Amino acid sequence: DQQVKQNSPSLSVQEGRISILNCDYTNSMFDYFLWYKKYPAEGPTFLISISSIKDKNEDGRFTVFLNKSAKHLSLHIVPSQPGDSAVYFCAASATRAGGTSYGKLTFGQGTILTVHP
Amino acid sequence: NAGVTQTPKFRILKIGQSMTLQCTQDMNHNYMYWYRQDPGMGLKLIYYSVGAGITDKGEVPNGYNVSRSTTEDFPLRLELAAPSQTSVYFCASTPSWGMEQYFGPGTRLTVT
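The listed protein sequences correspond, in order, to chains V and L.
Reminder that position 81 of the first sequence reads as 666 in the numbering used here, one-by-one numbering, no gaps.
Reminder that position 58 of the second sequence reads as 142 in the numbering used here, one-by-one numbering, no gaps.
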């Protein structure tokens with residue numbers, strides 16, 4: 586039972602254009618969502634997060650949108666740059682579960698983003 | 085700050101051998117986690133710890149053990165290596181739930 590899904594294994598975008606990465610979840614207890622970026626042979630690095638009390642969070646070129654009714658979130662990168670080429674993971678946590686959650690993250694399978702010059 | 089460090093970077097084990105993957109963080113984080121990533125898959129939680137002396141199982145704990153004697157260190161032990169444990173292992177830490185986790189660079193383990 587995959588609670589967090591990234592249905593697009595890969596995405597190819599031209600430099601300067603928008604990249605949109607999608608993520609769906611099934612567990613209604615999830616209330617904190619994160620995006621991580623991973624380069625080959627490195628650990629994931631945190632990119633941006635959003636709490637379920639918001640529907641949008643921006644940080645520079647990165648914006649995350651959350652649609653709670655659809656249990657869907659997306660990451661927008663504008664404008665895309667070749668250095669953005671990496672694997673992007675969506676992750677979710679149930680923070681309201683408090684003592685039983687302990688910040689455990691459930692990850693999607695990842696989407697490989699390639700930005701062409 | 086070094087952040088989260090992991091050793092070794094690479095290791096090849098024979099079936100039935102044992103080893104310990106080391107993880108250390110210098111950020112004084114209470115919460116630490118071990119994940120494994122199989123090819124084309126997301127990260128799956130093996131074990132986690134909410135403080136020194138307190139550990140619990142994650143989604144895929146079979147074949148592994150952990151200990152947490154200090155805030156800084158969270159080693160992962162494989163007792164009888166099996167080919168199914170071939171994976172990349174990541175350690176992570178966070179100061180509190182509801183915050184992002186910081187990951188180490190990973191250990192690539194092959195069991196043959």
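Source of the hints: derived by calculation from the structure; they are not laboratory data.
Bear in mind the structure is a predicted one, so any value in this text is a computation, not a measurement.
By construction, the Cβ of each residue, glycine as well, lies at the ideal position given by its N, Cα and C atoms.
Mixed in with the good hints, there may be bad ones.
Among chain V residues calculated to face chain L with C-beta under 7 Å, some are [said to hold, decoys possible]:
1) Gly-628
2) Phe-631
3) Tyr-687
4) Gly-688
These are the hints, each one checked on the structure:
1. Gly-628: At 4 Å from the nearest chain L Cβ, Gly-628 (chain V) passes the 7 Å test, so the hint holds.
2. Phe-631: Holds, about 4 Å.
3. Tyr-687: For Tyr-687 (chain V), the interface hint holds, since the closest Cβ of chain L sits about 5 Å away, which is under 7 Å.
4. Gly-688: 3 Å, holds
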